[in-house]
Amino acid sequence: MKFNDAIIGVFLIIFAIIEILYARTFPTLFGQQFGPSEFPILIGIGLAFCGAVLIMRGLRLRYKNAIVGGALVSVGEWIESNAAITNFALVLLSILFFILAVDDVGFVITSFLILALLFKRFGNSFATSMIGAAIMTGATKYLFGYWLLVPLPIGQFGF
Amino acid sequence: MDPFFAALELVFQPYVLLVIVCSGAFGLLVGSIPGLTATMATALLVPVTFFMDPIPAIAAIVTTVATAIFAGDIPGALLRIPGTPASAAYCDEAFAMTRKGQASKALGVGLVCSVIGGLLGSAVLMAATSTLADFAFKFSSFEYFWLACLGLSCAVIVSTGSVIKGFASLLIGLFISTIGIDLMSGHPRFTFGSIELLGGVSFIPAMIGMFAISEILRFVATADHVRPQIPHQRVTSVFEGVGSVLSKYRWNLLRGSSLGALIGVLPGAGADIAAWVAYAVSKRTSKEKEKFGDGHAEGLVDASAANNAGLSGAWVPALVFGIPGDSVTAIAIGVLYMKGMNPGPMIFLENPQILNAVFIIFFVANLVLLPLGYLAIRLSTQMLKIPARMLMPAILLFCLVGSFAITNSVYGVIVMLVMGVLAFAMEENGFPIAPTILGIVLGGMLEEMFLSSMIKSDGNFLEFFSRPIAASLGVLTIAVWVYPIMTSLKGNITSQNRL
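Read top to bottom, the protein sequences are chains A and B.
Residue numbers for the first sequence follow our numbering, so the first one is 74 and each next one is one higher.
Residue numbers for the second sequence follow our numbering, so the first one is 14 and each next one is one higher.
Bear in mind the hints are in silico, worked out from the structure with no lab data behind them.
Don't take each hint at face value.
To be verified - With beta-carbon atoms standing in for the labels, derived distance ranges: (1) 212(B) - 134(A): 38 to 48 Å; (2) 303(B) - 115(A): 34 to 44 Å; (3) 492(B) - 134(A): 21 to 31 Å.
None of the values given here were measured: they were computed from a predicted structure.
Heads up, the beta-carbon is just placed ideally off N, CA and C, and yes, glycines get one too.
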């Protein structure tokens with residue numbers, strides 16, 4: 074999704090104001106006039122400046138050319154494809170599922186489910202998806218879990 | 014023992030050599046798949062290097078990138094799809110050679126020039142770091158502050174797209190670097206009560222998110238999932254005719270390598286820009302300009318030498334000053350810090366054998382590229398048949414486990430997800446992400462140097478210009494910002510006068 078520069082500019086300015094106000098609550102260094110707030114405030118000022126320039130640029134583009142770049146929000150071609158939206162959402166949901174489920178369900182089941190779903194969704198046959206998911210899960214478990222000794226969660230099922 | 018011989022002993026161990034060969038193969042595979050970049054290969058590799066000693070870890074990164082940059086030429090020549098952005102400059106030229114039935118020659122020239130460019134770049138790295146290190150010992154916090162500012166400014170100026178978006182991107186990176194406990198005061202900033210955020214935004218999951226997750230999202234959003242048509246052309250006698258091309262364009266080879274190494278040293282300007290500049294210089298100075306675009310090997314010689322030489326050049330500011338030259342060295346600096354090897358001039362005194370080992374690794378990685386690259390070219394038609402629909406889910410799993418492995422909790426995965434979505438949204442709206450990465454890496458150092466200098470100068474900003482080198486760097490930084498603004502204003506005034 075593409076936003077007109079003016080919208081991004083407004084967002085940057087709002088973010089910068091909140092950031093500066095919050096940073097001003099930080100204490101100063103002992104015996105000094107400055108402290109941990111100085112750098113974030115400078116960053117905030119920079120972001121607000123960028124926001125202002127983007128607003129000017131976005132508005133100029135909007136009024137100068139109402140057709141090209143004139144829209145406040147425009148969607149990429151992919152948004153018009155239901156398949157692309159579904160794939161996009163599935164990838165994000167798969168990551169969220171991993172975050173929420175891996176500690177309880179365990180690494181092996183979580184990753185197998187994610188892989189099998191995505192392999193199938195991206196156009197592989199059912200058998201290929203199952204075999205591919207099983208091999209990849211096993212290989213990753215072996216590489217990270219046994220070889221590199223990463224404590225991959227085993228969940229309530231013990232694997 | 015002499016540091017050089019100690020370094021040789023460190024590098025020429027079976028384990029390190031095995032790591033070099035395996036990461037070379039990994040780099041060739043990733044680089045030859047369109048859409049997967051050398052930086053993504055590095056980001057995916059870092060979780061594995063996390064568990065290695067410093068030398069094999071550096072060897073893995075250097076070899077992967079060197080081989081991935083070359084491998085980007087393979088789909089460029091055969092499919093007209095550059096495997097990595099560094100091959101984009103001469104992709105059309107190489108494909109034109111393939112259309113003329115010279116695919117083997119195009120790839121052979123690319124391979125040999127990449128190896129020679131990489132070796133010459135390594136020699137520049139070795140010579141330049143030793144010379145600059147003596148200079149770097151004179152630096153105080155004032156000089157480091159300005160140097161970091163200069164590096165970040167160059168990264169913004171040379172980044173793709175608009176300068177203001179590059180600047181905003183850098184500030185986003187700097188903001189991310191402020192999250193966590195402030196080391197000078199011990200005060201938590203922007204953590205909102207989260208214990209995990211006290212340690213800051215975990216760097217490696219952030220890299221994986223920005224380079225790999227955003228790439229996967231782009232793939233699922235835009236790919237038409239059509240298997241590319243591989244030309245029916247036997248890629249066999251790879252080195253046939255390469256000797257005569259190199260002999261004819263030997264000065265191009267030298268020029269491309271030198272230019273690549275020099276451009277690589279500039280912060281923010283990596284192998285991609287080196288290849289574009291070298292190709293443009295080659296075309297402009299050629300006696301056969303009219304042949305460019307029609308399958309002429311001259312530009313290929315310049316540009317493929319330049320992008321591999323640029324990789325070594327990018328390590329010069331990284332090793333001497335701790336300031337990365339491009340995204341890959343930004344990741345590499347993160348790895349060096351994790352291994353307790355703080356880059357900067359002190360590394361020359363404290364760890365000369367490790368420094369020498371890095372130089373040797375560069376030479377070995379580029380030499381290994383020759384046989385591995387040959388093998389990759391011979392297997393290219395098979396490698397290009399690997400369907401992306403099988404690869405992308407596998408890469409996603411690798412990202413998930415890699416991010417988890419760094420923090421041993423889902424916190425790393427959350428950071429990866431947030432940064433991946435942020436990078437995707439930024440790129441969709443024309444914000445380059447390389448300045449964000451440099452901001453995250455350099456933010457801590459920049460703030461530390463800024464506050465140290467402020468304490469030393471008792472809050473007087475004029476003191477930042479009181480030392481000769483600091484003043485020169487400060488003026489140079491200001492000039493980097495003022496020059497494009499003045500040029501733009503001058504252009505506006507001229508156009509208004511014409512009206």
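Each hint tested on the structure:
1. 212(B) - 134(A): 38 to 48 Å: holds, 42 Å
2. 303(B) - 115(A): 34 to 44 Å: At roughly 53 Å between Cβ atoms, residue 115(A) and residue 303(B) fall outside 34 to 44 Å, so the hint is violated.
3. 492(B) - 134(A): 21 to 31 Å: holds, 29 Å
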